[in-house]
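These protein sequence lines are chains A and B, in that order.
The first sequence lines up with residues 1 to 171 when you count with this note's numbering.
The second sequence lines up with residues 172 to 575 when you count with this note's numbering.
In case anyone wonders, no lab produced these hints; they're calculated from the structure.
It should be emphasised that the depicted structure is a prediction, and the values quoted were computed from it without experimental measurement.
All clues given are correct.
Cβ pair distances, simulated, as ranges:
1. B:V317 with A:L3: 34 to 42 Å
2. B:Q447 with A:E42: 47 to 55 Å
3. B:V336 with A:E2: 40 to 48 Å
4. B:G475 with A:L103: 20 to 28 Å
5. B:V317 with A:T142: 25 to 33 Å
6. B:G475 with A:E156: 24 to 32 Å
7. A:D129 with B:R368: 43 to 51 Å
C-beta atoms are modelled at their ideal positions from N, C-alpha and C, and glycine is treated no differently.
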Amino acid sequence: MELEEIIDAFKEKGLEVRVQTRMAGVKKKVERKTLWVDIERERLREIVEYLIEISEEFPHFSVISPSDIGDEVEVNYHFSVGYGKYMGEIPITLKVKVPKSDLWVPTLTDIIPGTVFSEREIIEMMGVDVKGLEDKRHLFLTEDFPEGVYPWRRDETAPKKTNKLYEGWKE
Amino acid sequence: MKYTVPIGPIHPALKEPIAINCTVSGEEITDVDVVASQNHRGIEWIGMNRNNPVQTIYIAERVCGICNFCHPACLIMAVEEIADIDVPERAQYIRVIQSELERIHSHLLWAGVAAHELGFDSLLHYTWMVREKVMDTLEIVNGNRVTKAIMMYGGVRRDIKDEHVPKIREMIKYYQDLFDKVAKLFLEDKTIKMRTRNIGILTKEDALKLQAVGPTVRASGVKKDVRQDTPYFAYPDFDVKAITPDMLTGKVVGDTYDRIVVRLLEVKQSVEIIEQALDEMPPGEIISEQKIPKLLAKIKRAEGEAIGRHEAPRGEDIHYVKLKSGFESLYTWKVRAPTYSNIMAWRPMLMHHQIADIPIVAASIDPCLSCTNRAVVTENNEEKWLTAEDLHNLSVKKTKEMMK
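Generate the whole structure from the sequences, applying the supplied hints.
Right, dumping it as structure tokens:
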């Protein structure tokens with residue numbers, strides 16, 4: 001599917017698509033485009049299934065990157081479709097905003113098995129619960145890492161004591 | 172006089188600790204579990220809380236010693252997109268040359284490790300001797316073999332000068348002359364073929380579903396390469412084609428042997444790219460903004476988000492960056508190295524193989540971890556720990572038995 005078709009298809013589903021462009025190349029100039037789509041968490045699985053439908057082979061899932069933006073956590077799912085040919089790949093980021101008072105996202109592991117590491121990672125790093133995920137063990141942090149401390153948060157649950165990494169540390 | 176050399180929990184062959192728990196019945200592996208939580212360095216936290224964006228380039232360079240160009244490259248591409256920083260044409264070419272030099276040395280390093288895991292140590296020493304040529308070139312061009320500190324927002328920090336060009340051309344000729352010999356050593360050797368053909372197969376379907384990247388996914392027949400799919404830097408000028416094993420052998424099996432084929436062909440491709448880049452490199456500036464405080468002020472004012480993607484030697488490397496106006500550090504910085512995606516593929520690769528195959532199969536994805544460090548073997552419900560040395564010895568033993 002071409003970029004315009006994908007944008008139109010998302011519009012039909014009632015979703016706004018933001019396109020970010022950056023030039024590359026010296027002799028042969030090309031436009032690299034990335035798509036950013038805001039969606040509700042209730043529609044996440046539906047949209048991911050749609051991505052599988054429109055990809056020739058299978059959509060490539062890169063990673064989940066969450067950020068703490070005050071009262072909400074923004075969970076970005078980085079996908080790309082159409083890889084395998086010159087300038088054919090379209091990176092699509094699905095942005096899901098979740099309130100901190102009700103912090104969860106649905107699992108995608110049954111649709112895309114490769115999301116398991118990222119989902120385990122956002123549980124321990126951001127405190128975002130992943131509903132339906134079977135394996136909720138720590139991924140990168142040790143087993144004895146304190147409960148209720150989330151390294152990527154910017155509120156009171158962010159690590160405080162660990163800030164002093166060495167003697168002579170400047171606050 | 173006696174010396175004690177402690178080996179492990181970090182194995183010197185591969186960096187960073189990780190454990191694979193393999194459940195076996197007799198010699199056969201029946202279940203695989205990867206435990207990554209051995210040592211987390213909190214690099215993203217440092218970039219998000221302690222450092223300013225320029226300092227973060229140097230911490231990104233230390234994410235990985237081998238890919239010390241790739242991580243700053245991703246970070247810088249993302250920040251340049253958000254803050255709209257221009258990059259001079261010459262710098263784009265230098266970036267291409269640097270990333271290809273890195274690919275050559277990384278793939279040759281891997282080839283040596285693979286030979287070692289099979290117990291073929293003369294080939295390890297030969298491959299690493301061959302690798303010294305590119306390391307010397309890196310040293311001549313950058314003043315350093317690793318952690319070269321070459322990337323900067325809006326360009327590169329060091330130029331490739333006229334006196335460097337003959338040295339790089341000498342390296343190109345050296346590798347072009349050697350390619351057939353190295354390919355013969357790796358691909359036609361009976362022992363290597365026995366130990367790698369049909370071992371650690373990753374089917375195309377598994378590779379796609381488990382989101383494998385780089386030579387691991389290309390060896391399974393998926394033509395996925397960021398340099399081809401969404402070219403960046405000066406890559407659109409080069410028409411890079413993703414390499415799959417059928418280009419040489421005529422078929423795709425997706426086993427360890429195919430992963431050797433892909434990496435060898437990629438070394439050849441990198442050499443060609445560097446040659447073309449040297450021929451066509453435009454003159455001019457190498458950085459658009461010389462003054463660091465001015466650059467920092469510009470980044471501090473910027474607001475937005477972007478992803479930076481780069482085809483690292485091991486596969487697609489992706490960084491997500493979010494900048495907030497007035498915020499000193501990067502607001503959000505997520506690093507996804509290729510091994511993160513590739514270790515999920517260990518499970519289907521290792522299933523139903525022998526314990527002695529663990530080292531070469533685990534090494535075949537070129538993990539950026541000390542992969543075979545600790546494997547738990549459950550036999551008759553009793554857990555027994557095998558160290559890297561035990562596994563290596565088992566692997567060598569298997570090679571010797573097969574050679575009989």
